[in-house]
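Enquirer: Those protein sequences? They're chains U and L, same order as listed.
Just so you know, the first sequence maps onto residues 1 to 336 in full-length UniProt numbering.
Just so you know, the second sequence maps onto residues 1 to 336 in full-length UniProt numbering.
Please note: incorrect hints may appear among the correct ones.
Since the list gives no way to pick one copy over another, a pair counts as held whenever it fits inside one copy or between any two copies.
Claimed, not checked - Derived DSSO-like pairs (lysine-lysine); straight-line CA-CA distance at most 30 Å:
(1) 2 with 222
(2) 158 with 301
(3) 2 with 158
(4) 87 with 290
(5) 80 with 288
(6) 87 with 304
(7) 125 with 47
(8) 242 with 328
(9) 122 with 2
(10) 18 with 328
(11) 290 with 125
(12) 301 with 157
(13) 268 with 2
(14) 288 with 2
(15) 157 with 2
(16) 122 with 244
(17) 2 with 249
(18) 158 with 328
Calculated directly from the structure, the hints in this document are not laboratory data.
Note that the structure is predicted; figures quoted are calculated from it, not measured.
2 protein chains.
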Amino acid sequence: MKINNDFFMNLAINEAWKYQFLTYPNPAVGCVVVKGDSEILAIEAHKEAGMPHAEVNALKAAFLKYHPNDVLKTLNDSFKIHEYLIKNHKGFFNDCKVYVTLEPCNHIGKTPSCANLIKELKPNKVIIGHEDSNNDAKGGIETLKLADIDIELDCLKKEAYELLYPFLKWNSGTFIFYKMAQTLNGSVDGAISANQAKAYVHSLRDKIDLLLIGGNTVRTDKPTLDARYIAGRAPNVMIYSKNKIFDRKIPLFHIPNREVVISDDLFKLLDHKFIMVEGTYTLLDTLKEKLDYILLIVNPKIRKGSNALNDLDIDFEIVHENYIGEEKLVFLKRKS
Amino acid sequence: MKINNDFFMNLAINEAWKYQFLTYPNPAVGCVVVKGDSEILAIEAHKEAGMPHAEVNALKAAFLKYHPNDVLKTLNDSFKIHEYLIKNHKGFFNDCKVYVTLEPCNHIGKTPSCANLIKELKPNKVIIGHEDSNNDAKGGIETLKLADIDIELDCLKKEAYELLYPFLKWNSGTFIFYKMAQTLNGSVDGAISANQAKAYVHSLRDKIDLLLIGGNTVRTDKPTLDARYIAGRAPNVMIYSKNKIFDRKIPLFHIPNREVVISDDLFKLLDHKFIMVEGTYTLLDTLKEKLDYILLIVNPKIRKGSNALNDLDIDFEIVHENYIGEEKLVFLKRKS
């Protein structure tokens with residue numbers, strides 16, 4: 001296997017995917033810091049909006065690899081990490097390469113500018129996966145170039161683009177994914193997922209703008225649709241149903257600070273940026289042209305049961321996969 | 001992400017899985033060489049029986065990383081690489097760590113002993129995933145210990161065991177896997193796999209001892225069952241059928257140097273070490289207790305069609321996954 005720029009960028013991309021969706025409204029970004037030719041110092045990612053960017057996490061971890069007991073270890077706030085590194089780096093990064101999946105941000109928002117931090121630390125080279133088209137944040141490449149830092153663009157650009165795609169979509173309109181669980185052979189009957197996968201779904205619910213669910217699922221399953229497994233925020237819900245009459249004792253109607261809309265107007269989806277669809281197989285055919293992803297949770301067992309997707313005809317690309325315990329999480333992007 | 005022994009061993013394990021089954025009758029083995037704490041010099045694997053072992057490929061690549069134009073580059077034969085490295089290493093490996101998924105071999109077979117090579121190169125440490133229980137090859141750890149080389153055992157032992165499992169099975173009896181292709185939703189109708197996946201299946205046919213196929217599949221599909229996509233060897237075939245009468249014009253009967261047996265006696269399988277089963281869904285229930293793996297090739301599309309596995313009830317563990325082009329290759333081990 002070749003140990004080259006693609007190899008290191010791939011480590012950054014895989015690390016970032018672990019936090020895909022969970023960084024909303026920010027993009028998922030990964031960063032790797034390599035000293036010399038191939039000494040790996042850090043593989044880090046942006047984990048949640050408001051928390052340090054991938055570059056900050058990676059530069060901090062890289063510095064600590066050589067200075068394990070440095071006071072930097074105790075700093076978690078982005079501004080403080082920036083300030084500390086700029087003051088104390090003493091040229092540590094001058095023989096380092098920084099691999100980052102997305103152009104470093106150039107603006108000061110909830111966290112300070114990564115391009116500025118990198119400029120001050122003066123690494124030997126910055127290798128970038130994909131440029132940032134976001135008007136607020138772009139300009140990082142320009143900043144680094146003006147500081148005479150060597151830059152290489154478009155490293156694993158296609159993979160970096162796929163990592164960025166949900167952000168590009170929710171940033172310019174609406175990103176919709178359908179979450180479903182099935183067995184290896186496609187059965188959706190009965191309880192499929194283990195608790196670890198359920199907790200992951202709750203962490204998604206905690207982030208999304210809207211949860212879309214079918215009326216029949218609500219009537220049959222009487223769900224709560226909250227994020228209790230992670231003590232998170234319950235999302236607003238849209239129930240897709242022509243018939244507006246529901247038993248108001250169903251738990252989902254009794255969550256504080258939640259809006260519930262009952263509607264059969266799918267145009268309402270466009271009022272939201274980040275939408276998860278659950279349990280509405282019958283709606284999938286109608287929705288399929290609007291769907292960006294299916295997030296498929298696969299339990300590795302074979303079981304008799306009905307196959308909810310059998311009447312569809314859609315082509316996908318597997319853009320990433322992770323494990324959740326023994327189960328598989330497959331990010332499928334619809335081919336348009 | 002922690003950059004530690006597990007991280008490097010994981011790189012070695014993933015590299016080895018790329019050649020799983022293709023190393024038959026040898027085990028799939030991976031090796032990573034790291035200089036100092038975390039400077040990655042090589043990530044290599046054993047690729048085919050008779051070719052250099054993982055350690056030899058990795059030690060060669062590591063040396064070449066620092067000496068890119070050395071004459072070592074031109075050597076491909078194991079004996080010659082051993083001899084050259086022992087003569088010319090000049091202490092290069094003394095500050096290196098060698099991660100190997102399996103205890104280095106201690107015997108001289110088609111290739112010389114890896115334990116002896118490592119002993120001579122004197123790396124700082126050897127980290128081993130799983131011990132070798134093979135009577136012919138074991139003893140490598142002992143050899144290294146006697147040479148005062150620091151050894152750490154059982155690094156990612158469970159993952160190293162899963163990598164080794166097919167070898168353990170065919171070495172002590174029979175390893176049987178069922179190869180099948182399906183869409184995301186489990187449909188098996190029509191042509192599913194792309195050419196790249198077909199070529200991979202042919203490379204498996206080139207290695208196995210026996211291909212088991214159902215009589216109905218033979219009668220309906222009239223297959224050739226050779227390895228023409230890779231210009232490989234066509235495997236011997238057992239057709240599982242009570243009715244012994246077949247149209248002898250079916251191409252599979254006309255391959256030179258191939259044995260074809262028509263039988264409904266599954267005990268005959270035990271005369272072979274490495275068996276692939278193709279296209280006999282009806283046989284799966286009978287066979288399921290004997291099956292070690294399902295090798296599932298998943299095309300990421302949803303299509304209407306019949307679900308061949310729906311009448312089974314089996315639990316699996318996903319032991320590894322690779323991509324073949326846009327398709328997914330899933331190694332599923334039956335839970336017993």
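Enquirer: Sort out which numbered hints this structure fails and list those numbers smallest first.
Expert: Result: hints 1, 4, 5, 6, 8, 11, 13, 14, 16 and 17 break, sorted rising.
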